[in-house]
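**Student:** Residues per chain are reported as follows:
Protein chains: 2
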Amino acid sequence: MQQLKFERIPRATISRLAVYVQELEVMEQQGIKVISSEKLAQLCGVNPSQIRKDLAYFGEFGVRGVGYYVHELREAIRQSLGLDRTWNVVLVGVGNLGRALLRHNLLRKRGFVIVAAFDCDPFKIGEEIAGLEVNCTSKLPKSTRDMNVEIGVITTPPERAQRAANYLMEGGIKGIVNFAPSRITTPENISVEYVDFIHHMFSVAFNITQNQSKGLL
Amino acid sequence: MQQLKFERIPRATISRLAVYVQELEVMEQQGIKVISSEKLAQLCGVNPSQIRKDLAYFGEFGVRGVGYYVHELREAIRQSLGLDRTWNVVLVGVGNLGRALLRHNLLRKRGFVIVAAFDCDPFKIGEEIAGLEVNCTSKLPKSTRDMNVEIGVITTPPERAQRAANYLMEGGIKGIVNFAPSRITTPENISVEYVDFIHHMFSVAFNITQNQSKGLL
Chain A
1 MQQLKFERIP RATISRLAVY VQELEVMEQQ GIKVISSEKL AQLCGVNPSQ IRKDLAYFGE
61 FGVRGVGYYV HELREAIRQS LGLDRTWNVV LVGVGNLGRA LLRHNLLRKR GFVIVAAFDC
121 DPFKIGEEIA GLEVNCTSKL PKSTRDMNVE IGVITTPPER AQRAANYLME GGIKGIVNFA
181 PSRITTPENI SVEYVDFIHH MFSVAFNITQ NQSKGLL
Chain R
1 MQQLKFERIP RATISRLAVY VQELEVMEQQ GIKVISSEKL AQLCGVNPSQ IRKDLAYFGE
61 FGVRGVGYYV HELREAIRQS LGLDRTWNVV LVGVGNLGRA LLRHNLLRKR GFVIVAAFDC
121 DPFKIGEEIA GLEVNCTSKL PKSTRDMNVE IGVITTPPER AQRAANYLME GGIKGIVNFA
181 PSRITTPENI SVEYVDFIHH MFSVAFNITQ NQSKGLL
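So the sequences go chain by chain: A and R.
Under the UniProt record's numbering, the first sequence has 141 at position 141, and the numbering climbs by one with no breaks.
Under the UniProt record's numbering, the second sequence has 79 at position 79, and the numbering climbs by one with no breaks.
Hint data in this document are derived by calculation from the structure and do not stem from the laboratory.
Since we're looking at a predicted model, the values are computed, not measured.
Please note that the accuracy of each hint is not assured.
Same chains, same label: a pair holds when it works inside one copy or across any pair of copies.
Claimed, not checked - Mimicking DSS-like on lysine-lysine, the simulated pairs with C-alpha atoms at most 30 Å apart in a straight line are:
no., residue 1, residue 2
1, Lys214, Lys109
2, Lys124, Lys109
3, Lys139, Lys124
4, Lys33, Lys53
5, Lys214, Lys142
6, Lys53, Lys214
7, Lys109, Lys39
8, Lys142, Lys109
Required output: the full structure, derived from the provided sequences and hints.
**Tutor:** Structural data, given as structure tokens:
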């Protein structure tokens, strides 16, 4: 991996890099070879100086008067983010959201391969979803170690999220993406991300309320 | 609504307020009446001064030597966020994720009521999911106006997200939560939130890669 110029990359930068990769990928599919920083910024919904600042963490990109080479930039960001490889993932909690993720083709396309699914509900154990058999959660620690899994996805109800996290850590997982609407406690070397779409609903509700009170709507 | 002390509340604050509301709700269910700022901070995964700063946007909270009154604080945040009412929501794109959201009970519990679901796939139109009949997307603008809908949720494939957004805006929607992994263009008075779980997968992958290169794993 490329040596990073700074140790600490802001979370917001990582998030924007993910958007850049996505948009660069679409461009590559469309056969676009070079893009101006203005155009890339516009497509990603940020300003050009933000892109330059974000990319500066990873090295020198862009050619004055030309812009960015689409393929090179995409590869460089992918490498920086650790996306130039595949990641084995397990999922805990086979409810509506868990099923949707198991059937989602974008995860695999982005290098995240769900290799096992777990649930503690006896009615779900043994069921096959998207080619995977649901296993009893008690088997999780051994399975994840055997399959060299690094990332765990939690889609349990909120009250079971911590237990799921404990199983995952027992299984040697290094990072967790928690879709359950509750906080979990982990040691510092475990990377945890929360995906809580209700927060985004809240934000929109808040912004509409604000816009209405300002007479903008 | 309470008068806000500042016009512009940082996004990160809104996001944390959503966490505070969630945790306060759990406490209220457990019969907890008062909580210290340290304990609340710990449960929410932030530090106490952050909570004080976030709440300062909305008024004076907390009693020295006592902490926060759980019910009062929860109500005040709910009111500030515009959550002391229900919001009519429509969903566009009845794929795996759309189905999961239609069946998700948390949305309604939080005041977001999905009143209609749309898809352009003739095989899906007429299907009933969670008590709602899937309608043809061309009917969306009239339906949303008739039902006084303010928020639209997009769960289409990425290439159809902009079209879905156009239909929603034609229907007079004021805010959009976009789950499709592509940017959409809207006028400034439309509030747009992106829910892209792939970004969170990216962040975890990046952090694991970083931790490994630092020898922490």
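**Student:** For each hint, tell me whether it holds in the structure or not.
**Tutor:** Checked hints:
no.: 1; hint: Lys214 to Lys109; verdict: between (43 Å within a copy, 28 Å between copies)
no.: 2; hint: Lys124 to Lys109; verdict: both (26 Å within a copy, 25 Å between copies)
no.: 3; hint: Lys139 to Lys124; verdict: within (14 Å within a copy, 37 Å between copies)
no.: 4; hint: Lys33 to Lys53; verdict: within (22 Å within a copy, 46 Å between copies)
no.: 5; hint: Lys214 to Lys142; verdict: between (56 Å within a copy, 27 Å between copies)
no.: 6; hint: Lys53 to Lys214; verdict: between (33 Å within a copy, 24 Å between copies)
no.: 7; hint: Lys109 to Lys39; verdict: within (25 Å within a copy, 41 Å between copies)
no.: 8; hint: Lys142 to Lys109; verdict: within (27 Å within a copy, 37 Å between copies)
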